[in-house]
Amino acid sequence: MKASVIVFPGSNCDRDAAVVLKSVMGHAPAMVWHGDSELPKSDLIVLPGGFSYGDYLRSGAMAAHSPVMREVVSRARAGTPVLGICNGFQVLTEAGLLPGVLMRNATLRFICKDVLLKVERNDTGFARHYQEGEVVRFPVANKDGSYFADDATLDRLEGENRVAFRYCDASGAVTADANTNGSCRNIAGIYNKTGTVLGLMPHPERLADAALSGTDGTKMFASLVEAIH
Amino acid sequence: MKARITITLKPGVLDPQGKAIEGALHALGFGSVDGVRQGKYIEVEVAESDPARASAEIERMCEQLLANTIIENYAYELDAA
Amino acid sequence: MKARITITLKPGVLDPQGKAIEGALHALGFGSVDGVRQGKYIEVEVAESDPARASAEIERMCEQLLANTIIENYAYELDAA
Amino acid sequence: MSGAAGAAQKAEAISDELVAEHGISPDEYAVLLKELGREPTITELGIFSVMWSEHCSYKSSRVWLKTLPTTGPHVIFGPGENAGVVDLGDGLAAVFKMESHNHPSYIEPYQGAGTGVGGIMRDVFTMGARPVANMNALRFGAPEHAKTRHLVAGVVSGIGDYGNCMGVPTVGGETNFDARYNENILVNAMCVGLIDANRIFTSAAKGVGLPVVYVGSKTGRDGIHGATMASAEFDEASEEKRPTVQVGDPFTEKLLLEACLELMAEDAIVGIQDMGAAGLTSSSVEMADKGGVGLMLDLDHVPTRETAMTAYEMLLSESQERMLMVLKPGVEPIAERIFTKWELDFAVIGKTTDTGHLVVRHGGEEKADIPLAALAHAAPMYERPWVPKPKQETIAPSDVPAPDSILGALEPLMGSPHLSSRRWIYEQYDHMVMNDTVQRPGGDAAVVRVHGTEKGLAISCDVTPRYCSADPHEGAKQAVAECWRNLTATGAKPLAITDCLNFGNPERPEIMGEFVGAVQGMAEACNALDFPVVSGNVSLYNETNGVGIPPTPAVGGIGLIDNIDDMTGIALKSDGDFLLMLGEQTGHLGQSTYMQVMLDRLEGAPPPVDLNAEQRTGDLVRTLINDGAVLAVHDVSDGGLLVAVAEMALAGGKGVALEAGPDNIPAHAAWFGEDQGRYVVAVSPGKAEAVFRAGADANVPVGALGTIGGDTITLPGEDALPLATLRAAHEAWLPDFMAQG
Ligand SMILES: Nc1ncnc2c1ncn2[C@@H]1O[C@H](COP(=O)(O)OP(=O)(O)O)[C@@H](O)[C@H]1O
Ligand SMILES: [Mg+2]
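Those protein sequence lines, which keep their order, are chains B, F, V and L. Heads up, the working numbering is the position in the first sequence plus 7, with the first residue counted as 1. Heads up, the working numbering is the position in the second sequence plus 8, with the first residue counted as 1. Heads up, the working numbering is the position in the third sequence plus 8, with the first residue counted as 1. Heads up, the working numbering is the position in the fourth sequence plus 176, with the first residue counted as 1.
Think of the hints as simulated: they come from the structure by calculation, not from any bench. Source: prediction; values computed, not measured. Beta carbons are placed, not taken as given, at the ideal position from N, Cα and C, and that holds for glycine. Any given hint could turn out to be false.
Stated by the list, open to error - Restraint ranges, calculated between C-beta atoms of paired labels, are given here:
hint, chain 1, residue 1, chain 2, residue 2, range
1, V, D87, F, A60, 21 to 29 Å
2, V, T77, B, G42, 37 to 45 Å
3, B, M38, L, E630, 19 to 27 Å
4, L, H627, V, G43, 40 to 48 Å
5, B, R163, L, G886, 46 to 54 Å
6, L, P202, F, S40, 52 to 60 Å
7, B, W40, L, P202, 55 to 63 Å
8, B, G42, L, A441, 13 to 21 Å
9, B, M38, L, K504, 24 to 32 Å
10, L, P202, V, D58, 55 to 63 Å
11, L, H321, B, R163, 46 to 54 Å
Let's have the full structure, built from the sequences with the hints guiding it.
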């Protein structure tokens, strides 16, 4: 399996993603600089977390116009799996690969902590190692993590079963209290129509190592390796 | 020419920053303040002296980058630079 | 009355946002763009129909909260709401 | 020499007022004239003023700083470089330093604190290290003070936004509230980096005819006179004529970090120095002085973002996110390619010379020509008069009123501004990025795994200002000991410290006495604990209208854990385990949090630190951790024993059934006394006997405290205190306080 991690100026979870990919794939992913218009042959493209262009203007907005993104968009449209984590999710929405936008957290503050997520479906390449309805723990670390879309879009997302994860409590209940950043309908991550593009605010790559007090994130990468093989 | 662009959230889109500012103004004793909304203001100079062409260029900038038209509106004024 | 307030960085103060936006506009092909500066835009309604008193109130808000006058300037326009 | 500079000087007469405005005293000016052999130009006056400022020259503190122990077998670089460097074994080293950004943070909390973080990270990556952890030590005024909330909000988000954007985890710190910081908050930031021990870069510009290169952001008129401002006492007027504050650009700094590390992997750099306070002036003087060369700068090549900047302005600008480098000859194209890729400015602005002078040209004119020795070695150094602070009486435990019930007092203590949870702060900091934070904030020291290894770096920031205020000597000793103790509590071997010495006006003998006492106390503790000082920073004149801050010698220490699998945290783990206390107990209540919160009194001598006992106890605890004998460890600090137990209970979500305290000490003194050198440990029942025996062998008292289990804290004869109640009180204060704005 060949994976590529896109590095934008200001990306800062690129190494973290690469370390986890290496541990599950057995070899390192390609690190692709945003200015490259060439993208190596990839079975998986990861847009990592960070502050591309400082997240000045709007999070992810400037990165969405990077030269390499044209190629990412066309690969995604052709079916290559794309995973956008945190800033990567913001880039995916700004690039039009996923609907909606990530707005300032309801608290207006940056939030870094572990959150609980309900796995809404497990029939995608990203989630086959999870159970549907399973509660998993991933960290969030963002200031602009509040998912927003108009009601029609939200209804469509739900109707097409495209919500990937929702913020929930320990029992799996999707409550207002669990919705740390004020996202519409507690949405933490969504898929494109075909389930091959996933954008999510929480960081699966941050709890994919026993020394870091959790491994719920490992399953996402292991799912991908299995799905792609 | 110089363009003064204001980018505001569409009506109906929640504006937590505006709400926080309103709360802070109330706390400071500006009790009558209402309807606070926060947006962005961007100044840009374009090497274009024809107002129509300058407008067209500014609009393309707003559509492509400066505003996210899912949630934001934009408006601008042009000055001769 | 409704006030439309723009808050901008004082001339000479570094504007990292403006600089980054300018770079992104250049990369998008808006090569002639220059002097990009980013500021804030705030709309406020005050329960005050006298323009002079409304102005005085807006100015106090700007001084006390909305602008950091060490690095920022503010300007505003009043509309009858 | 200096014909042109001399001529320029005639055009601009240097008046006495101008000299005074530059913070140069008449005596200092006389030295300047003698060193230069003529009147300075205005540009030269500016250069002298920043180089001879307190901030750059350490003129009041230098004589005393020399008395600190700075060497040890694992010290690679002590003070004098951009940051200290200690050996971690296996070819790796840690680079770290702490610095203040106090006045800027008071004036503009968000930008002031953010640029402080940016500055300290540059100090670390200038040496070739990748920053891996940030810490911050914050002192705010009283919660009741009108400005406090605004300052907390701005400082915390400024620190967060800068470090978060850089992708360097902010893993811990400390936070105090005290009315004596009302007008003078302290923002001390620490950064720790990792480096290959044989690829360390220094600032020495050795070699003649080498290119001097400017990289990073463009220069603007930012913070001109910031360095002199940081050394001058505040008064009400200065709040009015507020100097420009710098705006930070963490995005550009992130690019600068990556570009510098990329260039450092090539064989291209002779010397490199960040442009911090006093910008181009101090960086160029330092590089030339350390390299024993002269320097010629042609300011026409300096990238500027404003028009018509003068030589004076360019030399004194404190624009952020810039670096100065001296390169090997011929490698400029390699460097330029890297900096262009990262979209940063790159310019050759001068060369090294054999003149021993700093020569500055601008617009075809010679603006300055100064012998470097005059700037660096003729800098003023004062032995300021000082008086020792009178010692306070030790308060007997029996003279301190007891509460109605012990557990009844625990709740208000844990919910007070002084002991409440700092979660509201550290959740605004990305403390996990880089995926090596194996011990997150909330415990004693934070622990960051040494990337790609099993080793861990423990990091802690400590000082107890109320102790230092009562007795600077004993208080500074305590700061070092507490830091050593926090590192030890994770199982780490403490290696070395950095410090940030925050004081009032050193021209007042009482303040200078506080400084001297603190340095002596630090030195004593560092010597006794083999815990040398490898870097640091002094911030004086933290006073407004003659009211100074409490002496605040902040200490930032690092320690090494050989294998993170052996590390301990504060969280209680299993029901049925025993809780023990190690260390000596007398029930010292003077200057305690108990007196402060429950009685609204801060009196008496602070608890003394017995450095021999400290070492014995700490060494025993570390051995027990390494042997796997203890499962959770927490040192006893603010609030005393019961607070330590409560923090362990909350962290693990497990209750504790405590036994009655010793009968020779009043109960409130036993539970809330702040005797030093103590730890609480959790052991499985099968290991308890061995711990008692090890204590006896090591001459360390070990006492049984109670048994872990349930969801309450209980004491014989008192109502049980539910953990949920305690947690609510502990977690509520800071968010509630901040929400009132
Ligand atoms: N300003 C801050 N930033 C980040 N973490 C903080 C800050 N202040 C306190 N903390 C964290 O809160 C916890 C408690 O702090 P403190 O009571 O000072 O610990 P100790 O008494 O062990 O030195 C520590 O883990 C510390 O890192
Ligand atoms: Mg501690």
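Of the numbered hints stated earlier in the document, which are not met by this structure? Every hint satisfied by this model.
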